[in-house]
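**Student:** Residues per chain, in single letters:
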Amino acid sequence: MTNGAVMQGLVIRNLVKEYVPGTPVLRGINLTIAAQGITAIIGPSGTGKSTLLRCINQLVEPTQGEIRLNGEDLVPLKGRALRLARRRIGMVFQEYNLVERLSVMENVLSGRLGYVSFWRAWLRRYAEEDIARAFELLEAVGLPEQATRRADALSGGQRQRVGIARALMQRPELLLADEPTSSLDPRTAIEIMELMTGLATSARIPLVVNIHNVDLARRFAQRVIGMAGGEIVFDGPPEKLEASHLRQIYGGEDWL
Amino acid sequence: MTASSLRQRAFPPHWGARAAFVALALYAAYAFAQLDITAGRLAIGMGEAGRFLGRMWPPNFARWELLLEGLLESLQIAVISSALGILLALPLGLMAARNLSPWPLAMVTRGFIAFCRSLHYVIVAILFVKAIGFGALAGVAALTIASMGFIAKLFAEAIEEISMKQVEAIRATGAGFGAVLIYGVLPQVASRFVGFSLYQLDSNLRNSTLVGIVGAGGIGGTLFAAFKRFDYDFVAAILLAIIALIFLAEVISGRIRALLR
Amino acid sequence: MNALMREWQRYTPAERFGRWAAYFIIVLALVWAVRGIEIIPEFLTDAPEQMLDLLARMWPPDLGHYHPAVHQALIETLHIASLGTLFSFIFAVPLALMAARNICPYAGLNALAQLLLVTSRSVNSLVWALIFVAIFGPGAAAGTFAIAFRSIGFVGKLLAEALEEISPGPLEALRATGATNSHVILKGAWPQVAPAFWGVALFRWDINIRESAVLGLVGAGGIGVVLDDAINFFQWDRVATILLAILVIVILAEIIVTKLRARLI
Numbered sequence: 001m002t003n004g005a006v007m008q009g010l011v012i013r014n015l016v017k018e019y020v021p022g023t024p025v026l027r028g029i030n031l032t033i034a035a036q037g038i039t040a041i042i043g044p045s046g047t048g049k050s051t052l053l054r055c056i057n058q059l060v061e062p063t064q065g066e067i068r069l070n071g072e073d074l075v076p077l078k079g080r081a082l083r084l085a086r087r088r089i090g091m092v093f094q095e096y097n098l099v100e101r102l103s104v105m106e107n108v109l110s111g112r113l114g115y116v117s118f119w120r121a122w123l124r125r126y127a128e129e130d131i132a133r134a135f136e137l138l139e140a141v142g143l144p145e146q147a148t149r150r151a152d153a154l155s156g157g158q159r160q161r162v163g164i165a166r167a168l169m170q171r172p173e174l175l176l177a178d179e180p181t182s183s184l185d186p187r188t189a190i191e192i193m194e195l196m197t198g199l200a201t202s203a204r205i206p207l208v209v210n211i212h213n214v215d216l217a218r219r220f221a222q223r224v225i226g227m228a229g230g231e232i233v234f235d236g237p238p239e240k241l242e243a244s245h246l247r248q249i250y251g252g253e254d255w256l
Numbered sequence: 001m002t003a004s005s006l007r008q009r010a011f012p013p014h015w016g017a018r019a020a021f022v023a024l025a026l027y028a029a030y031a032f033a034q035l036d037i038t039a040g041r042l043a044i045g046m047g048e049a050g051r052f053l054g055r056m057w058p059p060n061f062a063r064w065e066l067l068l069e070g071l072l073e074s075l076q077i078a079v080i081s082s083a084l085g086i087l088l089a090l091p092l093g094l095m096a097a098r099n100l101s102p103w104p105l106a107m108v109t110r111g112f113i114a115f116c117r118s119l120h121y122v123i124v125a126i127l128f129v130k131a132i133g134f135g136a137l138a139g140v141a142a143l144t145i146a147s148m149g150f151i152a153k154l155f156a157e158a159i160e161e162i163s164m165k166q167v168e169a170i171r172a173t174g175a176g177f178g179a180v181l182i183y184g185v186l187p188q189v190a191s192r193f194v195g196f197s198l199y200q201l202d203s204n205l206r207n208s209t210l211v212g213i214v215g216a217g218g219i220g221g222t223l224f225a226a227f228k229r230f231d232y233d234f235v236a237a238i239l240l241a242i243i244a245l246i247f248l249a250e251v252i253s254g255r256i257r258a259l260l261r
Numbered sequence: 001m002n003a004l005m006r007e008w009q010r011y012t013p014a015e016r017f018g019r020w021a022a023y024f025i026i027v028l029a030l031v032w033a034v035r036g037i038e039i040i041p042e043f044l045t046d047a048p049e050q051m052l053d054l055l056a057r058m059w060p061p062d063l064g065h066y067h068p069a070v071h072q073a074l075i076e077t078l079h080i081a082s083l084g085t086l087f088s089f090i091f092a093v094p095l096a097l098m099a100a101r102n103i104c105p106y107a108g109l110n111a112l113a114q115l116l117l118v119t120s121r122s123v124n125s126l127v128w129a130l131i132f133v134a135i136f137g138p139g140a141a142a143g144t145f146a147i148a149f150r151s152i153g154f155v156g157k158l159l160a161e162a163l164e165e166i167s168p169g170p171l172e173a174l175r176a177t178g179a180t181n182s183h184v185i186l187k188g189a190w191p192q193v194a195p196a197f198w199g200v201a202l203f204r205w206d207i208n209i210r211e212s213a214v215l216g217l218v219g220a221g222g223i224g225v226v227l228d229d230a231i232n233f234f235q236w237d238r239v240a241t242i243l244l245a246i247l248v249i250v251i252l253a254e255i256i257v258t259k260l261r262a263r264l265i
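Chains as they are written, first to last, in this note's numbering: chain A, 1 to 256; chain P, 1 to 261; chain U, 1 to 265.
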């Protein structure tokens, strides 16, 4: 890495997170994610997958380590600088986390909150192009007619589509998804994964997705990362992922 | 197995509850004696009550202008003190919510709110009357403090009950604190806030008919004066008017609440 | 790009009109109220100074005054609040049963009970105190009755609501066994409303502690009497002591109620 060529993509070095001092949830994660492509993180519940994702956009403050997005270290950022960094990272949540009493359109536009002033946000004075883009995104996720419905009137799959539109509304440089399909039925889960991976690929941004469904990970990701006990125990293409790895990740073998 | 032990197995006696009931009964007897409430006194009171009611009837609306003036002043006190109280309660409620506010600030604010709520508004009204003189202003000040404490507590509780997931999602977009409040918090609590505010307007209307008793404006002053002059037929008129006003307010706010739902 | 509607408005025109109308009414009411109220500018500018002056006179509180005068009055206040609460149940429970439409099937009785409950609630405890002072003469008896009569409406309303919310299944099952009405109430309705009942009782007791502290201002006994005396004689250091005593008792009552509720419900 030289001055001229800043390292593109996401670089995580020696990331440690301890919620309670002395009991680390993440034990020194080292990870480089290229500027494009789909990466799936698999692992049992409670192994720190969600914490890892939330450390990247600092919803959880790392205890130590370095997280560089396209060259800039995010860990030391505070206040305004942190908000500017967050708006470069889109996030899709397990339980959609839409603001239920706002309309679909307001939820999608809330992806622009990092860009507009407080008063504009309050009065909903968004730029014309933002509203136009919001309509485009709603169409892209398959909800062109739902703009004025309230978010709590939608089904789970529809809500997650809105969640994806909100994340893309930020025009992010990186898309994170925390168990985006765990609250959905199997068929909707596949549709959502197809939609999300398709949109990330066409926007040419990397997608990092936490997922506990190994089949979905194999099917959609170009790279699989297995975590166990707060550490990375497998890193490679899905074809290389074998039963022995899964035993190492999830423990035991009765379930296989 | 004997019958009594069967009964005991089916209905195990709850000794704690029984002891509590006995203690309550003993306390009631003791307190009646302490307060000197005896059968004889009650009998005399019944007779007095009859005479009192007799003098109240028929209600005398001859001085209706005085009555109307007092009622309107009470209404004005209620409107202003509700508006001020709600306005002041918004930041206080946010500051007292432990999920959004840093805990030292939340604790200090909670203490302040508890203090505001602990003193009865009539006592606060007396203090204001002594400090800033007789009149509606003292009533407005007293009821503002009471509403502020009451609503801020409800606001804080409502904010503490919101889903933090929605807040987290808005934070993740890079929104500033103000935008997080407007998009992540306000939609979740707005309808409850409106409900609390209506409720407070309602209860301020009740209370504003009263602060006049200590000289803080409104119909209460007229009522107290009538009592002191044994003008019981005018008292009856005032009481009927107050009840009608409160009843009307309750009906209207009930309608508004139904509309908002 | 197709000819899809690209306009986005947060509210429909009707909604927007409604909101503006509501704002307009609020502003209008405020303007009317502020203009109507007599504000003497000298009083207003003077207020902070006068307030500080009052606080300065209160400091330090005359704690020596607490025993025995304030203490006895405080105990009397507690008695008034507790007895008044107990006493209110004698009327509130039958009225609540009468008002609950699923318990009492007679519309006339429902309406009568509601009317009595509303009357009780509409008259403030201080006004009830004025009435009972006129009947019993000054003293704690008037205060106790004032608290009781104000509480009837509050307790009765909440109890009636709790009764109307109970599930009809158990009542039906009991009726099917041939039980009488009183049995149905005792074994079908009561177990369902018991938690609400205790909750309401404690809640009202807590409120009554606050309310009974001011009844003395109109001569209905309790700590308000000593407060009134101290204020009339401008003994502000004593006033401070009394206010502190009220503050402590009110906060204690709230803590006790919170603890008890957590155990009962």
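Rather than coming from a laboratory, the hints here were simulated on the basis of the structure. In this text, all values refer to a predicted model and were calculated from it rather than measured experimentally. We put the beta carbon where it would ideally sit given N, CA and C, even for glycine. Do not take every clue at face value.
Think about it this way: if two alpha-carbon atoms lie no more than 25 Å apart in a straight line, the pair counts; the simulated DSS-like pairs of lysine-lysine are [to be verified]: (1) A:78 to P:165; (2) U:187 to P:153; (3) P:165 to P:153.
Partial selection, computed: residues in chain U whose CB lies under 10 Å from chain A [stated by the list, open to error]: (4) 8; (5) 9; (6) 10; (7) 12.
Pairwise CB distance ranges, derived in the manner of DEER restraints [stated by the list, open to error]: (8) U:195 to P:254: 38 to 48 Å; (9) U:229 to P:163: 30 to 40 Å; (10) P:250 to U:256: 29 to 39 Å.
**Student:** Work down the list of hints and note, for each, if the structure agrees.
**Tutor:** Verification of the hints:
1. A:78 to P:165: holds, 21 Å
2. U:187 to P:153: violated, 38 Å
3. P:165 to P:153: holds, 23 Å
4. 8: holds, 5 Å
5. 9: Interface hint status for residue 9 of chain U: holds (8 Å vs cutoff 10 Å).
6. 10: holds, 5 Å
7. 12: Since chain A brings a Cβ to about 8 Å from residue 12 of chain U, closer than 10 Å, the hint holds.
8. U:195 to P:254: 38 to 48 Å: violated, 26 Å
9. U:229 to P:163: 30 to 40 Å: Because 53 Å falls outside the window, the suggested range is violated.
10. P:250 to U:256: 29 to 39 Å: holds, 31 Å
Hint check: violations occur at hints 2, 8, 9; the rest are consistent with the structure.
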